[in-house]
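Asks: Required output: the full structure, derived from the provided sequences and hints.
Protein chains in written order, with this note's numbering: chain U, 1 to 312; chain X, 1 to 285.
These are computed hints drawn from the structure, not numbers from a lab.
Here a beta-carbon is modelled for each residue, glycine too, at the ideal position from N, C-alpha and C.
Fair warning: there could be bad hints in the mix.
[What the hints assert, rightly or not] Straight-line C-alpha distance at most 35 Å; calculated DSBU-like pairs for lysine-lysine: (1) X:LYS281 with U:LYS109; (2) U:LYS109 with U:LYS134; (3) U:LYS109 with U:LYS135; (4) U:LYS135 with X:LYS281; (5) X:LYS281 with U:LYS134.
[Said to hold, decoys possible] Computed spacing ranges between beta-carbons, pair by pair: (6) X:LEU178 with U:ASN62: 32 to 42 Å; (7) U:ASP72 with X:VAL214: 32 to 42 Å; (8) X:ASP229 with U:GLY42: 52 to 62 Å; (9) U:ASP187 with X:VAL38: 44 to 54 Å; (10) X:VAL214 with U:GLU124: 47 to 57 Å; (11) X:GLY175 with U:ARG121: 25 to 35 Å.
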Amino acid sequence: MTEELAVRTTGLTKRFGHQTAVDRLDLAVPRGAVFGFLGPNGSGKTTTIRMLLGLVSPTEGNAEVLGEGMPDRLASVLPRVGALVEGPAFYPFLSGEANLRRLDTADPKASASSQPGRVARALERVGLSHAAHKKVHAYSLGMKQRLGLAGALLAPRELLVLDEPTNGLDPQGTREVRSLIRSLADDGTTVFVSSHLLAEVEQICTHAAVLRAGRLVAQGPLDELRGAARHRIEVRTPDTGVAADVLRKLGLELEASAPGTLTAEADGAPPAEDIVAALVRAGARVRGFSAAAPSLEERFVELTGEGFDVAE
Amino acid sequence: MSESQPKSLPNALPTSLRLFLSEVSVLFRRWRTWAMLVALAAVPVLIGLAVRFSPKGPPTGRGPAFLDQVTHNGLFVGVIGLIVCMPLFLPLTVGVVAGDTIAGEASLGTLRYLLVAPAGRIRLLVIKYLATVVFCVAAALAVVLGGVLAGLALFPVGRATLLSGDTIGPGEAFGRLLLMGGFATVSLLGLAAIGLFASTMTTVPVGAMAATIVLAVVSQVLDALDQLDWLHPWLLSDHWLDLADLLRQPISWGSFGENALLQAAYVAFFGALAYGRFTTKDILA
Ligand SMILES: Nc1ncnc2c1ncn2[C@@H]1O[C@H](COP(=O)(O)OP(=O)(O)O)[C@@H](O)[C@H]1O
Ligand SMILES: [Mg+2]
Numbered sequence: 001m002t003e004e005l006a007v008r009t010t011g012l013t014k015r016f017g018h019q020t021a022v023d024r025l026d027l028a029v030p031r032g033a034v035f036g037f038l039g040p041n042g043s044g045k046t047t048t049i050r051m052l053l054g055l056v057s058p059t060e061g062n063a064e065v066l067g068e069g070m071p072d073r074l075a076s077v078l079p080r081v082g083a084l085v086e087g088p089a090f091y092p093f094l095s096g097e098a099n100l101r102r103l104d105t106a107d108p109k110a111s112a113s114s115q116p117g118r119v120a121r122a123l124e125r126v127g128l129s130h131a132a133h134k135k136v137h138a139y140s141l142g143m144k145q146r147l148g149l150a151g152a153l154l155a156p157r158e159l160l161v162l163d164e165p166t167n168g169l170d171p172q173g174t175r176e177v178r179s180l181i182r183s184l185a186d187d188g189t190t191v192f193v194s195s196h197l198l199a200e201v202e203q204i205c206t207h208a209a210v211l212r213a214g215r216l217v218a219q220g221p222l223d224e225l226r227g228a229a230r231h232r233i234e235v236r237t238p239d240t241g242v243a244a245d246v247l248r249k250l251g252l253e254l255e256a257s258a259p260g261t262l263t264a265e266a267d268g269a270p271p272a273e274d275i276v277a278a279l280v281r282a283g284a285r286v287r288g289f290s291a292a293a294p295s296l297e298e299r300f301v302e303l304t305g306e307g308f309d310v311a312e
Numbered sequence: 001m002s003e004s005q006p007k008s009l010p011n012a013l014p015t016s017l018r019l020f021l022s023e024v025s026v027l028f029r030r031w032r033t034w035a036m037l038v039a040l041a042a043v044p045v046l047i048g049l050a051v052r053f054s055p056k057g058p059p060t061g062r063g064p065a066f067l068d069q070v071t072h073n074g075l076f077v078g079v080i081g082l083i084v085c086m087p088l089f090l091p092l093t094v095g096v097v098a099g100d101t102i103a104g105e106a107s108l109g110t111l112r113y114l115l116v117a118p119a120g121r122i123r124l125l126v127i128k129y130l131a132t133v134v135f136c137v138a139a140a141l142a143v144v145l146g147g148v149l150a151g152l153a154l155f156p157v158g159r160a161t162l163l164s165g166d167t168i169g170p171g172e173a174f175g176r177l178l179l180m181g182g183f184a185t186v187s188l189l190g191l192a193a194i195g196l197f198a199s200t201m202t203t204v205p206v207g208a209m210a211a212t213i214v215l216a217v218v219s220q221v222l223d224a225l226d227q228l229d230w231l232h233p234w235l236l237s238d239h240w241l242d243l244a245d246l247l248r249q250p251i252s253w254g255s256f257g258e259n260a261l262l263q264a265a266y267v268a269f270f271g272a273l274a275y276g277r278f279t280t281k282d283i284l285a
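Replies: Pasting the structure below:
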């Protein structure tokens, strides 16, 4: 069982003084997944990632990465893991290439003779070959972010842990990162990607977990998470009184609505065509009807109890 | 691509040696490192110029010892340079480099990436210390070199008189000067370990640097208080100015040995503290 999970945590907890940053987290990241780790700012994503990478020791609980316990087995686990943690960081007085060489040298499992090739390939993969010899202090934020990704891609990795990889990127850069992640996933790499912006990762994730104030509030394949969201129907009609009676008779629970519009939860409702037929029979002038599966975004707002991108 | 012959050479080197070389190269690719070395080299040059062009000629008996010897043998400019730099300038530069070791990486954020690479905490700590030792050597050499160059340019290089009254030729004087540089390097090793420890305590490099330099000064202040003479043998700086003992004939090695032992004790103690701190620390920067 464990071998099929790239990351598994049980009761993982980190307290800073009185504050519990991560609270009894049970994560299960299947191998081969693109796993979205979602939560508003301050919900504990980075702290969790630091524990997975052995930078921070848990107050309680365990973390297993690629089947081995962290931080005890760090030396054998980390060469197989590429990571971007809380933004890229480099020596500003060295070139992009020299920075990558230094990182590569720090990995005891990386051979020296193949280093130039590895560095060149990583730079190429993120589209930075042209800036390889530029000092990093002359890089833009987006270029630094890409160089950070190049650092994570220096060696073939089994797992990539990317903490908000699209931070600081323009829409074009964000798209590029997404397609990079997709192509890595196609190669069989497990990708664990955190974000406070659901929209940025929703399209590429196969699985997701949602964090709220350090606690896990949902986890699973994306389809399942979507399925758990409550559907809604929306009727636009000038005859709200008539329509409301019909909907109530059909057993629907009405929600507060704007003038000319009725909304109701669709759980246990008859099929959409039956609802419309009943409305028309009762003489309501139906000008619009939708039975919407809510966006994942709405589902997450529901789960986190607040909009995304809301600071603590 | 550039996968040429010379690049594949380091493959034979153990990975830790390669990381050490990378560390040294990062240190010496910093503008700041060279600025400090140039400043150190400038001290004996300034002394030489001051002596050479002072209207009254070199003083005898006042000022740093051996100042009068400078006119007989220019290599003594280096000797005076070391003696002048030992109490403050050398500790200052070593404090900057040692205080920056871990805290500097933490403040850049590169520490987390090195550890995730994974560089290994113990390995990184040892390599950081060894790179600081390289800087100690470079710093002492900078003073020696500045002194030798200024001496050769400004003064004759003849026979010089030692404390004991014996005279030595230029060749031996140069040897003694290098020995004194070695003594200065050894004297800085304990301070380097203190700086390393301070550097594991913070993510603000300036804080670690300041703490290290302040300790070097406090140690010398305590060393100057006669009421505390029971404490003196334990003070980091107790032998710093004993480097003049290397100018005796025959050389008196006693203070060299005592100093080496004292510094080794400091390295062991603060090295252990740094190890204890750094291997258990949460890397939050
Ligand atoms: N070094 C620290 N000391 C104290 N509290 C911290 C520290 N680092 C993070 N925290 C707290 O832990 C919580 C989670 O932070 P973080 O993991 O950075 O969240 P996220 O990455 O989801 O934005 C926050 O409330 C933050 O204030
Ligand atoms: Mg974060």
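Asks: Run every hint past the structure and note whether it holds.
Replies: Status of the hints after comparison with the structure:
1. X:LYS281 with U:LYS109: 24 Å, holds
2. U:LYS109 with U:LYS134: Between U:LYS109 and U:LYS134 the Cα gap is close to 27 Å, so the pair holds against 35 Å.
3. U:LYS109 with U:LYS135: 27 Å, holds
4. U:LYS135 with X:LYS281: 31 Å, holds
5. X:LYS281 with U:LYS134: Distance ~34 Å between X:LYS281 and U:LYS134 Cα, so the pair holds.
6. X:LEU178 with U:ASN62: 32 to 42 Å: 56 Å, violated
7. U:ASP72 with X:VAL214: 32 to 42 Å: 38 Å, holds
8. X:ASP229 with U:GLY42: 52 to 62 Å: 56 Å, holds
9. U:ASP187 with X:VAL38: 44 to 54 Å: 50 Å, holds
10. X:VAL214 with U:GLU124: 47 to 57 Å: For X:VAL214 and U:GLU124 the Cβ distance comes to about 49 Å; the hint holds.
11. X:GLY175 with U:ARG121: 25 to 35 Å: 52 Å, violated
Hints 6, 11 from the earlier list are contradicted by this structure; the remaining hints agree with it.
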